[in-house]
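Let chain C serve as the given structure and place chains V, R and E on it in line with the hints.
There are 4 protein chains.
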Amino acid sequence: MTERIREGDLILLLSGDGNTYLLRVEDRPFHTHRDYVKLADLVGQPYGTRLTGVHGTPFYALRPVIHDYLMKLKRATQIIYPKEIGIILLKLDVGPGKTIVECGTGSGALTMALARAVGPEGRVITYEKEDRFRQLARENLKRVGLEGRVVFKGSAEPGFEEEEEADAVFLDVREPWDLLDTAWRALKGGAPFGALVPTTNQVSRLLQALGELPFVALEVQEVLQRFYKLNPERLRPEDRMVAHTGYLIFARKVWER
Amino acid sequence: MTERIREGDLILLLSGDGNTYLLRVEDRPFHTHRDYVKLADLVGQPYGTRLTGVHGTPFYALRPVIHDYLMKLKRATQIIYPKEIGIILLKLDVGPGKTIVECGTGSGALTMALARAVGPEGRVITYEKEDRFRQLARENLKRVGLEGRVVFKGSAEPGFEEEEEADAVFLDVREPWDLLDTAWRALKGGAPFGALVPTTNQVSRLLQALGELPFVALEVQEVLQRFYKLNPERLRPEDRMVAHTGYLIFARKVWER
Amino acid sequence: MTERIREGDLILLLSGDGNTYLLRVEDRPFHTHRDYVKLADLVGQPYGTRLTGVHGTPFYALRPVIHDYLMKLKRATQIIYPKEIGIILLKLDVGPGKTIVECGTGSGALTMALARAVGPEGRVITYEKEDRFRQLARENLKRVGLEGRVVFKGSAEPGFEEEEEADAVFLDVREPWDLLDTAWRALKGGAPFGALVPTTNQVSRLLQALGELPFVALEVQEVLQRFYKLNPERLRPEDRMVAHTGYLIFARKVWER
Amino acid sequence: MTERIREGDLILLLSGDGNTYLLRVEDRPFHTHRDYVKLADLVGQPYGTRLTGVHGTPFYALRPVIHDYLMKLKRATQIIYPKEIGIILLKLDVGPGKTIVECGTGSGALTMALARAVGPEGRVITYEKEDRFRQLARENLKRVGLEGRVVFKGSAEPGFEEEEEADAVFLDVREPWDLLDTAWRALKGGAPFGALVPTTNQVSRLLQALGELPFVALEVQEVLQRFYKLNPERLRPEDRMVAHTGYLIFARKVWER
Chain C
0 MTERIREGDL ILLLSGDGNT YLLRVEDRPF HTHRDYVKLA DLVGQPYGTR LTGVHGTPFY
60 ALRPVIHDYL MKLKRATQII YPKEIGIILL KLDVGPGKTI VECGTGSGAL TMALARAVGP
120 EGRVITYEKE DRFRQLAREN LKRVGLEGRV VFKGSAEPGF EEEEEADAVF LDVREPWDLL
180 DTAWRALKGG APFGALVPTT NQVSRLLQAL GELPFVALEV QEVLQRFYKL NPERLRPEDR
240 MVAHTGYLIF ARKVWER
Chain V
0 MTERIREGDL ILLLSGDGNT YLLRVEDRPF HTHRDYVKLA DLVGQPYGTR LTGVHGTPFY
60 ALRPVIHDYL MKLKRATQII YPKEIGIILL KLDVGPGKTI VECGTGSGAL TMALARAVGP
120 EGRVITYEKE DRFRQLAREN LKRVGLEGRV VFKGSAEPGF EEEEEADAVF LDVREPWDLL
180 DTAWRALKGG APFGALVPTT NQVSRLLQAL GELPFVALEV QEVLQRFYKL NPERLRPEDR
240 MVAHTGYLIF ARKVWER
Chain R
0 MTERIREGDL ILLLSGDGNT YLLRVEDRPF HTHRDYVKLA DLVGQPYGTR LTGVHGTPFY
60 ALRPVIHDYL MKLKRATQII YPKEIGIILL KLDVGPGKTI VECGTGSGAL TMALARAVGP
120 EGRVITYEKE DRFRQLAREN LKRVGLEGRV VFKGSAEPGF EEEEEADAVF LDVREPWDLL
180 DTAWRALKGG APFGALVPTT NQVSRLLQAL GELPFVALEV QEVLQRFYKL NPERLRPEDR
240 MVAHTGYLIF ARKVWER
Chain E
0 MTERIREGDL ILLLSGDGNT YLLRVEDRPF HTHRDYVKLA DLVGQPYGTR LTGVHGTPFY
60 ALRPVIHDYL MKLKRATQII YPKEIGIILL KLDVGPGKTI VECGTGSGAL TMALARAVGP
120 EGRVITYEKE DRFRQLAREN LKRVGLEGRV VFKGSAEPGF EEEEEADAVF LDVREPWDLL
180 DTAWRALKGG APFGALVPTT NQVSRLLQAL GELPFVALEV QEVLQRFYKL NPERLRPEDR
240 MVAHTGYLIF ARKVWER
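These protein sequence lines are chains C, V, R and E, in that order.
Numbering-wise, numbering that gives the first Met the number 0 puts 14 at position 15 of the first sequence, and it's gapless, one number per residue.
Numbering-wise, numbering that gives the first Met the number 0 puts 198 at position 199 of the second sequence, and it's gapless, one number per residue.
Numbering-wise, numbering that gives the first Met the number 0 puts 249 at position 250 of the third sequence, and it's gapless, one number per residue.
Numbering-wise, numbering that gives the first Met the number 0 puts 161 at position 162 of the fourth sequence, and it's gapless, one number per residue.
A few of these clues could be false.
Each pair may be met inside one copy or between any two copies, as identical chains are not told apart.
Think about it this way: if two alpha-carbon atoms lie no more than 30 Å apart in a straight line, the pair counts; the simulated BS3-like pairs of lysine-lysine are [said to hold, decoys possible]:
id: 1; residue 1: K71; residue 2: K152
id: 2; residue 1: K37; residue 2: K128
id: 3; residue 1: K228; residue 2: K152
id: 4; residue 1: K152; residue 2: K37
id: 5; residue 1: K141; residue 2: K73
id: 6; residue 1: K228; residue 2: K128
id: 7; residue 1: K141; residue 2: K71
If you are wondering where the hints come from, they were derived from the structure by calculation, not from laboratory data.
In isolation and in its complexed conformation, chain C is listed as follows (with noise of 0.2 Å):
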């Protein structure tokens, strides 16, 4: 059975220029600079739809993938990317029923990819010292349904709460080096340890703290991902990409060195 739109519904709205919206069903108009539909009109009709607004652009209502919940969430910070959060999920082994501790919270990006590969059985734990941002991410994961599966804290300092046994942690903070020790704790025997550095001195920084505990596998790698304008005739890459997000850095709990 076609799956049908309801009412308060959180759908994207890719409109015929490209430009994608993430919204809710409403008994409102939409407007987008240069034309307008009514949401209601999308009440009953079945997904992947297509609505013309009143000058004559298509829009299309289509259910929003995961990707969509993480490009579109609202941001206070610099977000963890998909191209890093895709290898993140492998690397740490998120899946169905995992416990995940995180730490750096910030806009909440990585916690909802993580709260969504995690399933109903799993549970994300993320501490953020910072109330603004753990007030936005909360707000975010809620707006994607996803807040049920997170335990929100507050600062890791000096070191995680009652956490032991975690599947997999990972650290998005300024100075990680500080929480290994912790991290080492919480974690499960054999189980992968993560983080993510903008720069190459806290690579080198976080390496030797590594070094330094019973920490094997280590590895250390970044991510770049091009795009491609969409003339089948004329294919080429688009002329600027991001360039830089971070360095990402894996390792594995081991009991001794």
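What follows is chains V, R and E alone, placed relative to chain C:
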């Protein structure tokens, strides 16, 4: 409670020289080119335990993560790499409970990642015309205990069987344009479509074909991954890297253009 | 003897905020949006001198290098960038005394670099069918005193004029395959050919055309350049970069395949 | 008049399988692993001529370009690659008649490119503390007839000799910060400085040192080169690429900050 290694467990064994081995804990010795350990000694030890080889090499027994499974599966074909799989999972919204249709099982790398992400309630339907690849993929999935979530099928010609209302479709075949029609029919309204092709000529042709059917939100990208050497005092990228695996193409099904 | 700045010299003026200006030393004030200096004050000073603006901004008068000229020339077209020009000079063996034929003068960026490299005894013959581009390129070359080494010509249709025994030929036109025949005839035996095209479709077509003529040693490449922020304690790449200018194709003329 | 091959000429011989050989035309046979030609048969033939091996392989005799010389020189050290050399030539304004000081001759790759670009009136002064490298570089330069433009010197400790008024200085040494002072003194006012270092730690340290002397217009960059396979119907990048050679740092000398 710390998990302990049991006989028959699949572990990732890391040797002191940085090599890793995915193997089953049995009553047998395990030899590297310069040392060996008795795997039976691991039974009853916690994951993350250290074992010392007869000649002094340290070994660490880790619980394998999905990334390890992907890198270690038996290959008879070019596989899709984690750098692409991560993005695919996010763009196709692969999560607990979803039904995903894939064509071009190959060695089963993407199949495995999909099976892992959809969880026990989800399902992966994968088509592969070559018997030997299908057989290999099945073994790869079986080895890691995920074959129960996967339906293996033969050739997708002249089209997918009864699939409809799929949450996503991914094509990894030489001529994906031939399957666009059946892919479109299999998809839910508004749902994501993806494909990977190695050449620019295929990208052009697929973009053209997508433009002739009710697909929107087209996107073409490539993902590059650069690893770094681990000396914190002499931080620098590895000398060589993988320059290309393929181009990723994504789109969304709508009912009419 | 230290060179001193003379009236009429073309200098690169660097302001304390990192902006640079290519300008001629004349008896006039030079204004940035927040400060100004009297250029006449530079006369008689050594190159590399520091000048302080009326509001305290430091300015430095540098002798421009060819890289500055390239980045500062007046553009009416997409130019070829130094990252490509550097490789082109080496692959085409552009050096003192050489004769180089170019088609697609555009704004004259590559023309300028070629003219500089061939020295006073060398010669650059450049074709451009659009009068306004040819005029612009001529002005750009004149400004830096290199127009004497360049012969400007109009359309290369139906072929180059009398050129033969050229040391190298470079094509920067929309349909380089149409000029391959005349390029081949213009070249010395064994000499290098190059082209730049922005799309993969053009690369395919040009490779095909090269394959039908006596050209060998074909090569296709792209060059990417990533800049870093300058804080030594927080070393990291710039956030964004140029992702694409074009694909470089090289070959060598032989007498028969 | 078409140039003809003479005995003693250094040629680039391209065999049908794509391999290239830089060799001198002498009265001897030249063997590849599957065929051979008599080099004496080339004498009197025009450059670009085709020769057929005894077993049918086609061979082409090309006049070597500077890029060939660079790729074929005898190496005892990591060399600077054309992708970096091209940018260095443009940033350091290396052209006919210039005087360039280099430290860290190594195998002489950059030295050779500099010598070529400065022409017969220019001069390259290059320092190398290891006798065997200096000897090798000298042979490499001699082989291609450029040693007359190069002054080879030993260790640059405690500083360059009498150089002053150099048009540019380039450092390719492990600890370039130790030579910054002498480099500054050797340079003309406003003239360009460059260096190549392989690690991020060295970049940070060099930036710091440059910040303590009268240098401006600092810049850090890396250059990546991606080659493509040559099948026009299946256009795609090579599977692997060089991921790193080094970071390029540039600056300009001023008299005071």
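A quick look at each hint next to the structure:
For the identical chains of this complex, K71 and K152 are intra-copy neighbours only, at 24 Å inside a copy versus 37 Å across copies, given an alpha-carbon limit of 30 Å. Taking the shortest alpha-carbon separations for K37 and K128, neither the intra-copy value of 41 Å nor the inter-copy value of 47 Å comes in at or below 30 Å. In this assembly of identical chains, the alpha carbons of K228 and K152 never lie at most 30 Å apart, being 42 Å within a copy and 34 Å across copies at closest. Within a single copy, K152 and K37 get their C-alpha atoms no closer than 40 Å, and across copies no closer than 44 Å, so neither meets the 30 Å cut-off.
For the homomeric pair K141 and K73, the shortest alpha-carbon distance inside one copy (12 Å) is at most 30 Å, but the shortest distance between copies (42 Å) is not. For a Cα distance limit of 30 Å, the shortest separation of K228 from K128 across copies, 28 Å, qualifies, whereas the shortest one inside one copy, 41 Å, does not. Within a single copy, K141 and K71 get their C-alpha atoms as close as 14 Å, which meets the 30 Å cut-off; across copies the closest is 38 Å, which misses it.
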